[in-house]
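Now for the letters of each chain:
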Amino acid sequence: MNYTVAIAGNPNSGKSTIFNALTGLHQHIGNWSGVTVEKKYGEYKIGEHIINIVDLPGTYSLNPKSIDERIARDFIISKKSDLVVVVVNASDLEKSLTLLIDILEAGIKTLVVFNMMDMVKIQGKTIDIRTLEKILNIRILKTVAHKKIGTDRLKLSILQEIKTPTQQRFKIQYKERIETTIKKAIKYITVPENIGVNKRWIFLKFLEGENILNFSEETLKRLNEYKKIISDFLHSQNLELYFVEKRYAYVEGLIKETVKNELPLEKRIFISDRIDRIVTNKFLGIPIFILVMGAMFYLVFTIGTPLSNLIESFFEWISVIIKTFLTGLNISSIIISFIVDGIIGGVGSIIVFLPNIALLFLGIGILESSGYMARAAFIMDKFMHIFGLHGKSFIPMIMGFGCTVPAIMSARTLDSEKDRILTILVLPLMSCSARLPIYVLFASIFFPHKEAFVVLSLYFLGIIIAMIVARIFKNIFFKAKIAPLIVELPPYRMPVWKDIFISVWIKSKLFIKKAGTVILLAAVIMWVLASLPPGVEYASRESFIGKIGSFFAPVLKLSGFGFYEAAVALIMGFMAKELVVSSLGTLFGTTLRSSIQTLFTPISAYAFMIMSLVYVPCIATIATIKQEAGWKWSVIVILYSIILGWILATIFYQTSLLIKTIF
Amino acid sequence: MNNTFPLLKARIGSQVIIDELKGGPGFYRRLIDMGLLPGTNIEIISGGTNGPIIIAKDGIRIGIGARMAAKIFVRPA
Ligand SMILES: Nc1nc2c(ncn2[C@@H]2O[C@H](COP(=O)(O)OP(=O)(O)OP(=O)(O)O)[C@@H](O)[C@H]2O)c(=O)[nH]1
Ligand SMILES: [Mg+2]
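Chains as they are written, first to last, in the working numbering: chain A, 1 to 663; chain B, 1001 to 1077.
Please keep in mind that the hints were generated in silico from the structure rather than gathered at the bench. A portion of the hints provided could be inaccurate.
Said to hold, decoys possible - Pairs of lysine-lysine, DSSO-like flavour, derived with a Cα cap of 27 angstroms:
| no. | chain 1 | residue 1 | chain 2 | residue 2 |
| --- | --- | --- | --- | --- |
| 1 | A | Lys79 | A | Lys40 |
| 2 | A | Lys148 | B | Lys1071 |
| 3 | B | Lys1071 | A | Lys382 |
| 4 | B | Lys1071 | A | Lys479 |
| 5 | B | Lys1071 | A | Lys109 |
| 6 | A | Lys184 | A | Lys221 |
| 7 | A | Lys40 | A | Lys626 |
| 8 | B | Lys1071 | A | Lys418 |
| 9 | A | Lys382 | B | Lys1022 |
Unchecked claim - Below, a sample of chain B positions facing chain A; criterion: calculated Cβ distance under 7 angstroms:
| no. | residue |
| --- | --- |
| 10 | Arg1011 |
| 11 | Ile1017 |
| 12 | Asp1033 |
| 13 | Pro1052 |
| 14 | Ile1062 |
| 15 | Gly1063 |
| 16 | Met1068 |
In this text the structure is predicted, and so the values were computed from the model without any measurement. Don't be surprised by glycine CBs; every beta carbon is placed ideally from N, CA and C.
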């Protein structure tokens, strides 16, 4: 049999960690709220059964405020799953249980997991799980998900629970008058086939201001009459607040009955708080952030560059060997050129940067896993406001240093649509890992011993441009107020090294795969275009590729790199940013570095880096912007980035030249 | 009760009780999602005095922006 099981619960409660343990997959995990923003699918086999698992975004309640929460809520109440596994952060029972009883009241079949049991121990608490099970009529399993404790039993229990025919009848009893009104009102509600919750709950949500079923005009009128009766009875206090308060009060009672604090409050030491007093300090917060980023890039260079030099020497060595070998075999020079210039030159020139990129992912992984990401949102809130952005916009921005595509998706956690779109618009300006090779290559040629500084300057330039662009767009398109910031700050955790290494490994593999597919294909096409028409000198201005490039090159003249090779590299970069370097690699073959050195000057090299930073995001990014914000915004991004890139590169080049001639 | 004041003005280390949430529906929905209802006892961990603020409620820590903290009224515990 085939069953479907959804994993739901509060943000950061360990849902994806459990999902990974069940399915053996490697979904993104991080120590902040809002890591998962889309349904993720996996499965495991048990006996002859296949259990399909759906990892949902975290949600604080079933009254969603943002897209990711809505995705979770809609799936939970749909009939798409045979069972909902509710993951409870056992070290933060109040919030988790409040969501749980809301799910129970809806009449949804659930299995409950108390995760983070290790934290409960550290907090010096004991939970009487038996009693909780009895009161709520549920089954509870204990897990420590990141250590895989209890997850094997969960596999079995899920199946057992699916097979046990239980009816969830839990409900909170409200005042007599309210209950009778509810009874009358729900006569007017019909629950559609595809929704798996009871009428009473749908009406309760309606009272809280959630029109889940999109009631017809007529039903709406009826229900509103009953709503009025209840709000009059409660002296028209805020109804949502009333029901949420009831749930909290209920949970408070539960906790009083089942949780014992063995350690007195003042005995508990909160290391996290001590760190936070420094890290989030009004004056130290931003400097510390800059220091953290600086340290990260310092590592990317000091460890990464020797490693990439090693790989580079390897490719040079192998090029020479292959060349001599093939020449010895009397193989035509065209084929030799294809292998050495086209393939090794193109693909090799970008593979060289694998160590830098892997280290960058390692750094981001540590940031994500430690708990610093949530703090970054908090620290930057005020600063971001100056530019019309939200504190939470900062988390996607940091993710953007890795790859812009998931960063754009993660903007879903922003409550306000305007904040979200504005964030998406500027995210391409965060230097993604594919742009790192461009910076490293040019910086190492023109600014030896100052590479780290030069590359870091481009990252900060990206941030600064993003801020200014955001401010301008804010004034033009999004005049509304920025949503206020409230963010949960999870305790700092030792990074889970295994998770981080696996994630770095997966991303490195993806990079190599890209090199072996997209980049290889581009290299082959470019080599062909550079070798035709027959008889032409390879990659000369008379070749096809030379003609295409020369057509665009004049536009780039003012920016300091008006030669066809630069134009070709930038055009290819539209496909994927890795292609900027690999195209130059294909065109120049083994003379990549020396050719760049003769064509560019330090000033035009920096202008070229600015151009590569700003001008047009890659196709995958554009497609994601279209998916998340609509085609209108993706067109706007294409236009503003090309124009802005050109203007900034040109301004930099011209003023630098001017300054140079004056002094 | 006249001794209420905005959370923004609370001092580090002090204990306060949430008295009133003076904001729109979106505003309080965010707060009650975090369990910050009127009557809740909270402690100020860091920040504050006109800046963003970190509060503790039982075991959990919540960061609140300055503009939001200005609209949460509290009284001494
Ligand atoms: N101490 C402890 N940490 C855990 C446990 N399970 C997961 N974690 C950590 O908790 C953090 C959150 O885990 P995730 O699996 O990403 O949480 P999630 O519920 O999927 O979060 P969202 O996708 O943001 O809703 C990570 O840092 C995990 O390593 C546990 O049992 N004990
Ligand atoms: Mg997750």
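Checked against the structure, which of the hints given earlier come out wrong?
-> 2, 5, 10, 11
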